[in-house]
Amino acid sequence: MRRLFKGSSGIVKFTRGLGQVGYGLPKRGWIVVAWKEFLEAIRDRRTILNVIILPLILMPLIIALPIVMISPRTLPPKVMVVVCDKNATDLVNYFNSISKEADLSIKFDCKGNYTEMILNGNIDLVVEVPPGFSENLSRGRSSQVFYYYDPLSTKSSSAIGVVQEPISSYSRKVLLDRLKEVNLSIDYVNPVVAVAKQVTRSGGEVGTGEMITAMILPMMVGVIAITGAGTFAIDMVAGERERRTIEALLTNPVSKMEILLGKFSSLIVLSIISGLSTLLSTLLGITLSLELSLPGLVSNQAMKMGLPNPVYAILGILLTVVLGGLTGNAVLVAASSFAKTFKEAEQYVGALFFVLMLPMMIVPYAPTSLHPLLRLLPITSLAMFARDTILMSDLLAISTSLFSSLIYLIIFLILSAKLFGRESVIFG
Amino acid sequence: MSAVEVKNLSKSFGEVKAVNNISFDVEEGSIFGLLGPNGAGKTTTLRMIYGVLRPDSGSVRVLGVDVWEEPRRAKSLMGVMPEDTGIYPRLTAEENLIYFGKMRGMDEHKLRRRVSELLKILGLEEKRFTIADKLSKGQRQKVAFARAILDEPPILILDEPTLGVDVMSAREIRNMIVDYARAGRTVILSTHNMWEAERLCTHVGIISEGKMRYVGKREDLEKLYEEKEFEEIFLRMVRGEVIEKVV
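Going line by line, the protein sequences match chains A and B.
Just so you know, the first sequence maps onto residues 1 to 428 in the numbering used here.
Just so you know, the second sequence maps onto residues 1 to 247 in the numbering used here.
Treat each hint with caution, since some may be false.
[Stated by the list, open to error] Heads up, simulated BS3-like pairs for lysine-lysine below, C-alpha to C-alpha not over 25 Å straight-line:
hint	chain 1	residue 1	chain 2	residue 2
1	A	Lys340	B	Lys120
2	B	Lys217	A	Lys340
3	B	Lys110	A	Lys27
4	A	Lys86	A	Lys107
5	B	Lys120	A	Lys343
6	A	Lys78	A	Lys100
7	B	Lys137	A	Lys340
8	B	Lys137	B	Lys120
9	A	Lys27	A	Lys418
Hints were generated in silico from the structure; no laboratory data involved.
On a predicted model such as this, the values are computed, not experimentally measured, just so you know.
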């Protein structure tokens, strides 16, 4: 190292002379860009909010809280059984069986303003066993039991399910007694019985969990993939433009394509982190709410997230997150290229989110006959790819949805690259 | 050989002709000041030289390398400090320099040593791990200057390097520019500070309304106008007085 000249400021010192060559060209400029983008993203408070706090804390709460609040187990409804027929002791015994799911009180006094008590929230539901209930039954007639509830209160409405169970059981018991008296079997009153037979590719039985998986998971994975790293995508273009850092970046010996590739690589990592954390927190939310509201149901085999082949499903989910992340980010990068500031980009992208999510919402509800078409359309092809892989559809279906997703991805990438390279985008 | 050769460069933005057919050469080892009032076309010219703005017509060669035919090679020969410092606010001073060093293909070990050295001589050692957002304007400007000279490129291009910087920092930056040129490297800078141009530049190019009004040695211009005040010469040039005499 040498000082430049006598009497100079001595601030700049050169380690090599002018004759030395080898002014460097980066070998993998995109990796350097990707690392820097990732570092910047995790330093941003919005990242912590979007990737960690929102999915991991809020998502389980959003899912579980409403279910927990109306769950008879966590917050048992206050049920009052008003018995105006002192002979209806059998029925009263049946009501005693719900004492674990409801805050039950049994009253043998018919007087009182129950309407007011329900509307004030003092009682959630009142069951009235009217006078003459037992007499009607003993004469072979039907008897009525009234229940009073507030249709605007979810807790009051959910209490109906709790009281219907003992009433149905009691009714069945009376029916069986009557049939016995006339020497008839239950088949006499149930001449036709409908039996459901499931049709599955695997040949096995499909549980409720598997049905949820087939309906919700592909859509969810697709939505997460597309919107997961949205904030970062717009920050990497509109934010960079707003902070006026892009010009200095372009003075380096790297191409715009390398820069874009680096940005996309970082977005993919963020998409995967965001996607998986949202996915995990959603599953956590569902499990938590089921466990709290309906104990024992989660451990029931039928309610498990049934997957024909978990390895295929995980691969499908990961590939959808990557493909969807790239597609969504390419669309968002293209859209935010038109904005001068991050805030302006957010406004453009806010509307675009709905445009991207709408096709995803269609997939779970679309009839099977529309599936071939959905495999060919932009965005829906992604959700179909996730669905086809998770449910192990035939190879043609999987490759069709994958191929069309890739085609759309290439189109969107070319579009975003063209827009990103424009001078008006770089210099505003 | 000229360090930079600019030939018939033109650039329009819509109806506005920002740069209109300008040509000039910059000698190796000189400090070339591109001078002109606001909106004269200085920044547009510099952006075309350092390869971020494509000219409508004309060419730029740096040390014989065409900027638009071999952009990567040409860019590796130039260290640039644009008008906006382009410092990443969420990275520390050190991280900013390391990022750009890697982007210029510098070896990791040498890069870290060079970054430490530059931060030390620029008086930013204590700010090494400070997020750039927390640095003062002068400190950010110095980081941007360090970034431009990281790999000691033969050509240094500075767009308004001391604009908005405090007196002390501006002086340090000016000293560094002089040092850089005295080591045989070429410096091109734009400024509208005539005092600065007079003290720093060996050569000047005066640009006004997108046209080059004068290119040559600063001393020659002073002799030509027989003026002592460089600022006065500049004003007369920009007003269009005796343009025929010099161009």
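Violated constraints from the hint list, given by number and in increasing order = Violated hints (numbers, rising): 1, 2 and 5; every other hint is consistent with the structure.
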